[in-house]
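Colleague: Protein chains in written order, with numbering that gives the first Met the number 0: chain A, 0 to 435; chain B, 0 to 435.
It should be emphasised that the hints constitute simulated quantities derived from the structure, not laboratory data.
Any given hint could turn out to be false.
All copies of an identical chain are treated as equivalent in the list; a pair is satisfied when it fits inside any one copy or across any two copies.
[To be verified] Mimicking BS3-like on lysine-lysine, the simulated pairs with C-alpha atoms at most 30 Å apart in a straight line are:
#1 K409 to K60
#2 K219 to K205
#3 K60 to K207
#4 K100 to K140
#5 K409 to K288
#6 K41 to K140
#7 K100 to K266
#8 K205 to K234
#9 K265 to K60
#10 K288 to K219
#11 K265 to K205
Only a predicted model underlies this, so the values are computations on that prediction, with no experimental measurement involved.
Here's the letter readout for the chains.
Protein chains: 2
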Amino acid sequence: MNIRFYNARILTMEGDLEIMEGELWVKGNRIVYVGDGSDTDKIYRDDPEGMIIWDREIDVKRNLLMPGFKDAHTHTAMTFLRSYADDLPLDEWLNTQVFPKEALLTPEDIYTLTKHGIMEYLSSGITAGFDMYMQTSMIAKAAIETGFRMVQVGSINNFGGTVEDCEEEYKYLNSLGELSSYVFGFHAEYTTSREIMEGIADLSKKYKVPVFTHSSETSKEVEGCKKRYGMTPTKLFDSMGMYDNGGGGYHCVWMSDEDLEIFRDKKLSVVTNPASNAKLASGIAPITKMMDMGINIAIGTDGAASNNALDMFREMYLVTALAKLREMDAAVVDGAEVLKMATVGGAKAMCLDDCDVLAPGKYADIVMIDMTQPNMQPENNIVKNIVYAGSKSNVKMTMVNGRVLYEDGKYDIGISPEELNGQANAIIQRMIRDSR
Amino acid sequence: MNIRFYNARILTMEGDLEIMEGELWVKGNRIVYVGDGSDTDKIYRDDPEGMIIWDREIDVKRNLLMPGFKDAHTHTAMTFLRSYADDLPLDEWLNTQVFPKEALLTPEDIYTLTKHGIMEYLSSGITAGFDMYMQTSMIAKAAIETGFRMVQVGSINNFGGTVEDCEEEYKYLNSLGELSSYVFGFHAEYTTSREIMEGIADLSKKYKVPVFTHSSETSKEVEGCKKRYGMTPTKLFDSMGMYDNGGGGYHCVWMSDEDLEIFRDKKLSVVTNPASNAKLASGIAPITKMMDMGINIAIGTDGAASNNALDMFREMYLVTALAKLREMDAAVVDGAEVLKMATVGGAKAMCLDDCDVLAPGKYADIVMIDMTQPNMQPENNIVKNIVYAGSKSNVKMTMVNGRVLYEDGKYDIGISPEELNGQANAIIQRMIRDSR
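Turn these sequences into a full structure, and let the hints steer you where they fit.
Modeller: Following this line, the structure appears as structure tokens:
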């Protein structure tokens, strides 16, 4: 499909976040033009195929085009546990509610629930997920069938997976085209043996691939690691050479100065999950300090069981609002920086170098923000409006890899919301029935 | 208008928050029936006018009807300063940005901007606001013309208003029908002389009307009051007899145990404003303790200049998420309690006894929640889905006083979003031009 957006305002997320007026052209799955429309003839000159035949021309009506959000830490299929067990202490929630239900998931369930979560991503303008879950081939199938971009990360731990599996996953999931990719990872230090962690570190070195894992989410986790290994999780991973090819941590709430220095020096990414960390009472990550140190920060929703929404607008607000509370200073973590985290910061963490900004040659992962809604007005500062006043309701369109998957509340993902909702409810009902 | 909702799921917010299936009938501006539809004949028997002629019958398609949200502390017209000056320390924000711009507002501006804010309320399922601002007659005019329910509170302080004005406002704003009402109030202790505060206390006693004010928003405010009067704001107000007829405080972040005991004993309401308190780095209110003491809690957005959205879904999430962080306990402030605060708690604080739940005889202030959207699925717990995963995008319809004012993204308030957006932008542009 070749799609021309015209009469648009465009926030490319390059440079100083100025908003331009003009056109954006998509040819196949790539952006071929972004500009005021006065110099489009060069596209034709440079293109061996000549004139583009438009499949669709979209009058953007001065709404805003911007890069899609990147959900840089999630467990997509966990939508089935949304609001299943809230308001419980973390341990009880995990051990009595989450783990027993997860054990009952079939591969087919994960395929269905991943599609269900993808629907929710699209409704929030999220164009790529950094997903850690089981049954990775089913997740890739769901993503590719719906047209969604999914970067997966290994979830190996003492209760599931082998290092050999991870190597196979790495080869397979990176062979499926531009909508599927994979980096190495493991669940967390407290669930994974040293042997497995060393195996993942070796794979990382062999293939020169980054490693991500849950890290320093709770103070209890850090204290446990110190008891077991005499050092923090970050220092432990680094001592194994795990971070020699980049990567980073999910959560990173309880980071020492030394941990952050490792992140800075090894150019690692922090993926912050403010809603999940608040709802599970884990704490507030030291975002201000991370920014001051120049560490790349990305934003994730975590899974629907803990959050309970896959909503990047809520996360963006929380990143800055919680930092302001943590430091008791209204001036910290400028909203504009948060919008960068949710887009280019996420793309960087997820190795999606071609999905970060709106520019020729990049993949067409694009969101249209409805500027006519009252919460986007007046237009004193459009970037701040998005971060401080924005909502899922402002997402008018979500395009992934050149395809419009969501527009004006309707999905084009090959299956209806009614079917997916019905299937998701059937899965949890079956589990409740079977566990009686 | 007589409107029949059928094929509905209904959360009346009475009792234990069970969801019933059935019908809800609206005759004029009141609810006349809520039930499974098997006993509607008694309506006709009891009604001297006999059969109801339906102006409209709405198939709710098993979506959810629930009471409208009450925004129990707001400054509606401040939408013009949305994203005008973010990420600044509180003092600088107020003194160099907010106050100078507010001084330039005309009565006509406030009329226009109030309508603009009302649009935003409706899009978030808010059916009544507890508004503190200037030009109260223009605010009432905007509310009545759009069909929105506005409870106003006096904003008198050393820089504007007289006690006599407040008495006039009280009489006038309570004479305009069920969409306009007024209770006594003043801006805050730190902006208001003892003489004025005593005047308001006298009015409250004369008319037996509650008093509300900004209270204990920052620790600096409380410390200042202690220096000036030797006691906390709450104790000061109580010592003046201000709370003898009820009322309460907006914000209430920095409350001593003694303050909370006064709130409990005098049956006062706390109106919490979590987004504003976070964004301005004021702190986290002790919601858990307030709940334990049985104090009525309502939720407000505060104005768009500080929040920056008028979005009750974001507020609800923050009430519980921030409490969990404050206590470092994921089990505190159950989501179901938060939904009560946003509806019946607000109605109680705002003296809207007929707007709290869905029941015969109550005003028809109703929201329809779109249950087909992925964030409302699966239906493990619908109440928790609303609080923990809900978004403005789930608001399919907002009815105030029996009139559908918002439905499927469209407004029926006598003026278009385009016009109001244009006018709001023109106001701030004029101010910027004039202050050059």
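Colleague: Determine for every hint whether it applies to the structure shown.
Modeller: Against the structure, the hints:
Both within a single protomer and between protomers do K409 and K60 lie at most 30 Å apart by alpha-carbon distance, with minima of 19 Å and 17 Å respectively. Taking the shortest alpha-carbon separations for K219 and K205, neither the intra-copy value of 33 Å nor the inter-copy value of 57 Å comes in at or below 30 Å. In this homomeric assembly, K60 and K207 never come within 30 Å of each other (Cα to Cα): the closest approach is 45 Å inside a single copy and 53 Å across copies. Taking the shortest Cα distances, K100 and K140 sit within 30 Å of each other inside one copy (23 Å), while across copies they are farther apart (55 Å).
Proximity of K409 and K288 under a CA criterion of 30 Å is satisfied in neither setting, with 41 Å inside one chain copy and 44 Å between copies. In the homo-oligomer, the alpha carbons of K41 and K140 never lie at most 30 Å apart, since the shortest distance is 38 Å inside one protomer and 56 Å across protomers. Taking the shortest Cα distances, K100 and K266 never come within 30 Å of each other, neither inside one copy (37 Å) nor across copies (44 Å). In this assembly of identical chains, K205 and K234 lie within 30 Å of each other by CA distance solely inside one copy; the values are 21 Å within and 69 Å between copies.
Proximity of K265 and K60 under a CA criterion of 30 Å is satisfied in neither setting, with 44 Å inside one chain copy and 54 Å between copies. Taking the shortest alpha-carbon separations for K288 and K219, both the intra-copy value of 22 Å and the inter-copy value of 26 Å come in at or below 30 Å. Only within a single protomer do K265 and K205 lie at most 30 Å apart by alpha-carbon distance; the minimum there is 18 Å, versus 70 Å between protomers.
Taken one by one, the earlier hints fail for this structure at numbers 2, 3, 5, 6, 7, 9, listed in ascending order.
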